[in-house]
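Fit chain B with the ligands to the known structure of chain A by using the hints.
Protein chains in written order, with the numbering used here: chain A, 1 to 259; chain B, 1 to 274.
It should be emphasised that the hints constitute simulated quantities derived from the structure, not laboratory data. Note that the structure is a prediction, hence the values are computed from the model and not measured. Cβ coordinates follow ideal geometry from the N, Cα and C atoms, glycine included. There may be inaccurate statements among the hints.
With a straight-line cut-off of 20 Å between C-alpha atoms, the simulated DMTMM-like cross-links for lysine to aspartate or glutamate are [claimed, not checked]:
no.	chain 1	residue 1	chain 2	residue 2
1	B	K273	B	E195
2	B	K140	A	E170
3	B	K185	B	E195
4	B	K115	A	E164
5	B	K140	A	D254
6	B	K115	A	D254
7	B	K140	B	D106
8	B	K140	A	D178
9	B	K7	B	E245
10	B	K257	B	D269
11	B	K238	B	E259
Partial selection, computed: residues in chain A whose CB lies under 8 Å from chain B [claimed, not checked]:
no.	residue
12	A48
13	T149
14	E153
15	L160
16	G161
17	W165
18	L174
19	E179
The residues making up each chain are set out below.
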Amino acid sequence: MLKDLFVPNAKPRPSVFFTMVACQVVFLLLLWLFYPLQLFPTLGEVLASFKDLVTTQGLIQELWASLTTALGALAIATVLALVIAYLTALPFFRPIAYAASKMRYLTLTGLTFFMALMVSSGHQVKLSVLIFGATVYLVTGMTSVILTTTQEEMDHARTLGMSEWRSFYEVVVLGKLDEMLEVVRQNFAIIWTMITLVETLYQSEGGIGLLLYKQNRYLHLAGVVAIQLVILATGALQDYLFEFLRRMFFPYSDLSVAK
Amino acid sequence: MVDHTYKEPILTLRDISMQFGGEVILRDISLDVLDVVRPGVNQGQVVGFYGRSGVGKSVLCRIIAGLLPPSTGTVMVANPQRPVCPGDVGFVQQRYPLFNHRTLLDNLLVAAGRKHSPADAKAKAQDFLIRFDLAPHRRKYPAMLSGGQRQRAAIAQQLLCSEHLIILDEPFSGLDIAMIDEVKKIIIEVTTSDELNTVVIVSHDLATTTALSDTLWLLGPERDAAGQCLAGATISQKHQYNLAEMGLAWQPGIQAKPEFVQLIEHLKDEIRKT
Ligand SMILES: Nc1ncnc2c1ncn2[C@@H]1O[C@H](COP(=O)(O)OP(=O)(O)OP(=O)(O)O)[C@@H](O)[C@H]1O
Ligand SMILES: [Mg+2]
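Okay, chain A solo, but in the shape it has when bound (with noise of 0.2 Å):
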């Protein structure tokens, strides 16, 4: 039983699995209490100044109004990246999907500037350059999606008598969704890093991003810590609802990865 843990592709039983996983997390925390690292905070430190966040800071509100910007700017992206990602099907459109791939390599700052031009409100720079940022993501990992259509596939449609457009619907927009969101759930941490920066730089808006910096500058490390913990809780729960997502829409999805 136990030993089925070291053994490679094993299938241990879910109780034992999920006890190994507990003591483990139980270890690190143990760890961390008993053996504090000179420069690291202790976890007696970090949960008074997650305590403290909380109550006197708005930690909650800060992360909720994050949140719902990210997600907000991730919907628009995730449309705007299907679109251009699907449209590299027309030859036309091919160079703007590489072009859009190839803008990652913009740095953030430098962007936001452009966008502070371009738009009135400091909510706006922010959306925009999230939107910005997670739609060349998305188009990049996307178009990579798009091409994995076999030969054999693409043929198949067209023997049911299917047109080149119908075939490439059913193909390549309907048979890889469920793909596509998956490239949507990896990029979901991008745009993560991309907000505590925006919001360090646009500072009106408040927001965790904005937190973090005023913890990082006075040196509150268990501060930094915590809200860090906090960030990493809610991308754990973003990619688990995800996968939820995908096993109710996709079900077919997974059937053929090995267990």
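Showing chain B with the ligands alone in chain A's frame:
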């Protein structure tokens, strides 16, 4: 007494050749499939198509199905004859692709819906599910099906939306005896349901396929006068067998006949030589 005559062409290949980046795969293939008419019998055509592995059978199938433009030559289908377009020819590919994001029933429905009204499509799909022994699996996704089930599903899908011509790339591999019989029965049913229906069967199972066929094609490289192999495979005149003319078509229990057994031995020799 003439027991059959030939009428209009159904499928015509003229001077087909195919190269992939300078490598010649196929050359100078010219073939005709004509509508066979037998008095008192409603009968389509069955072509058996043989050749060594890797010789280019699947490539020729894709060319006939209009999926791959040949380097030279033309493929003509339908009446009056016109150049082939994708969708004119049903083609069950060697690895039996299905839409992985649709359930088995959905796969059949989407194909049937191409030609029939929704109600008809449903009835036809149900009919195929039962005949192909797939009814209990209708809610499953392709990834959950066995190889043979996928194969039957892929054949059913093409039959549901094909016109007169259908190509089966290795329809008998991986099936048990009962299912081979089932597929055979379906091929016979398809060909006897319309004069113009024509099934091309790519197979390594000579006995089963020859027994069903009225024409055989053998694809292989040719040797020149000096005995050197020429680059690229072709179907030469002597490798186009008209079984109807040879008196070896359309007979139940033909597999027991000595002439049939001889023909199979001859085919095996010819395939070995290539
Ligand atoms: N797209 C392609 N590019 C380059 N070469 C190809 C391509 N498609 C097929 N070939 C080559 O053409 C040859 C014939 O392939 P094909 O799939 O037609 O063989 P086959 O006769 O169907 O064999 P099998 O009985 O094993 O299915 C092979 O040597 C293959 O490598
Ligand atoms: Mg093949």
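How the hints compare with the structure:
no., hint, verdict
1, K273(B) with E195(B), "violated, 36 Å"
2, K140(B) with E170(A), "holds, 19 Å"
3, K185(B) with E195(B), "holds, 17 Å"
4, K115(B) with E164(A), "holds, 17 Å"
5, K140(B) with D254(A), "holds, 14 Å"
6, K115(B) with D254(A), "violated, 32 Å"
7, K140(B) with D106(B), "holds, 10 Å"
8, K140(B) with D178(A), "holds, 17 Å"
9, K7(B) with E245(B), "holds, 15 Å"
10, K257(B) with D269(B), "holds, 19 Å"
11, K238(B) with E259(B), "holds, 18 Å"
12, A48, "violated, 51 Å"
13, T149, "violated, 12 Å"
14, E153, "holds, 6 Å"
15, L160, "holds, 5 Å"
16, G161, "holds, 4 Å"
17, W165, "violated, 13 Å"
18, L174, "holds, 6 Å"
19, E179, "violated, 10 Å"
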